[in-house]
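Asker: Sequences and hints are given; from them, build the entire structure.
Protein chains: 2
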Amino acid sequence: MNAKINQTLKAANLPDKTIERLSQYRRNLLQCLAKGKQHIFSHEIAQIHHITPVQVRRDIMLIGYSGTLRKGYDVKELIDLIGNILDTREGLNAAVVGVGNLGRSLIGYFSGKRSKLNIVAGFDNNPEKVDKIYAGVHCYSIDQLAEVVERERVSIAILTVPADNATEAAERLVMAGIKGILNFSPKPLNVPPHVYLEEIDMITSLEKVAYYVKKQGGEE
Amino acid sequence: MNAKINQTLKAANLPDKTIERLSQYRRNLLQCLAKGKQHIFSHEIAQIHHITPVQVRRDIMLIGYSGTLRKGYDVKELIDLIGNILDTREGLNAAVVGVGNLGRSLIGYFSGKRSKLNIVAGFDNNPEKVDKIYAGVHCYSIDQLAEVVERERVSIAILTVPADNATEAAERLVMAGIKGILNFSPKPLNVPPHVYLEEIDMITSLEKVAYYVKKQGGEE
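Chains A and B supply the protein sequences, listed in that same order. Residue 232, in the working numbering, is where the first sequence stops; the numbers in between run on with no holes. Residue 232, in the working numbering, is where the second sequence stops; the numbers in between run on with no holes.
Identical chains blur together in the list; that is why a pair holds if it fits in one copy or across any two.
Straight-line Cα separation of at most 20 Å, DMTMM-like style, residue types lysine to aspartate or glutamate; simulated pairs:
no., residue 1, residue 2
1, K29, E210
2, K29, E211
3, K83, E56
4, K141, E159
5, K128, D213
6, K29, D213
7, K49, D86
8, K49, D176
9, K227, D92
10, K47, D176
Bear in mind the hints are in silico, worked out from the structure with no lab data behind them.
Answerer: Structure (structure tokens):
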């Protein structure tokens, strides 16, 4: 059995969890490749991610690829195929809205981690930050949002404003034509269906850890 | 019908998603209280969180509380009851492991947001950071981990080290007796069952947003 690529399959709607795992597989496959590993079996990928080999094979079949019995998957080929699914050819531009401590650390964190996603602008309502450069990224006034989003063709916003400003900032982003928001602010947002919203609720995650630690301790 | 509190129910195992929502309800209830609102209906809570009133009532019944038909829930009472579920009486101590940009911003972000969770230490392997104070938190050498965790009774770790250091750091934390880990490092971790692990995968979240933006754009 030879490695097979059936790219026509990739147009299918992939499950949300498969998208997440593909992103995670790729990150570890890149590390494997950097270490000179050229082939990998599903059970090896499974072990890295603490899931079953069946799950791995299912996800990879969903993107129209299968490995060989003898050698497994070609690492380079698999990375490229996942890239075809997740990335756009010319890359996407993102902006960080709220250039506080968290916003600045995320600019640094995301820069360079993904070649196909460029952080091209920051926005803040603090006049002292406007026209400053943070980790190589120009900070604009929030009042320039619509103008800069259009000029820089920004389609993704990383929202790190305080809770009280989140609703207004999200409305401005939607008005400016943003297509996707990664929301770090501790405020539930309401966006129209054509805007994809992903929320990272760090306070709740920490409270969950605390709850389970408390429960484990038998204090309940 | 009067408000009822049946605290014996709270010992039950609550669903994971209910824990998350209780944390989110509380955050918004605190804002309501700050604005002087003393009673709230399930449909009002539902609207804030973009879920159904039935879901809200079910979650709140699970913690043994019910409101009155006329006035809804007593905001203060509900906040206290959620606190009984999520918090320990004397609070829990947490440490940030990896005092880079992200670690430092999280120290600032989490400090003061939750009175029942105190960040009491930072750890880093960079000698230049050791014995410095970041946002009021003392940074120790990672070699002092076991000693400081015991002395400061740290039960929760917020892990923000680079991917390459994550596995070793997690092993050290488990050895030191940590009970819960909130992992921000882009590396899947393996911990024993008595340690609760919550992972926040920011890169994957951003890649998911990019995938859906691409899909929406019809580029597929």
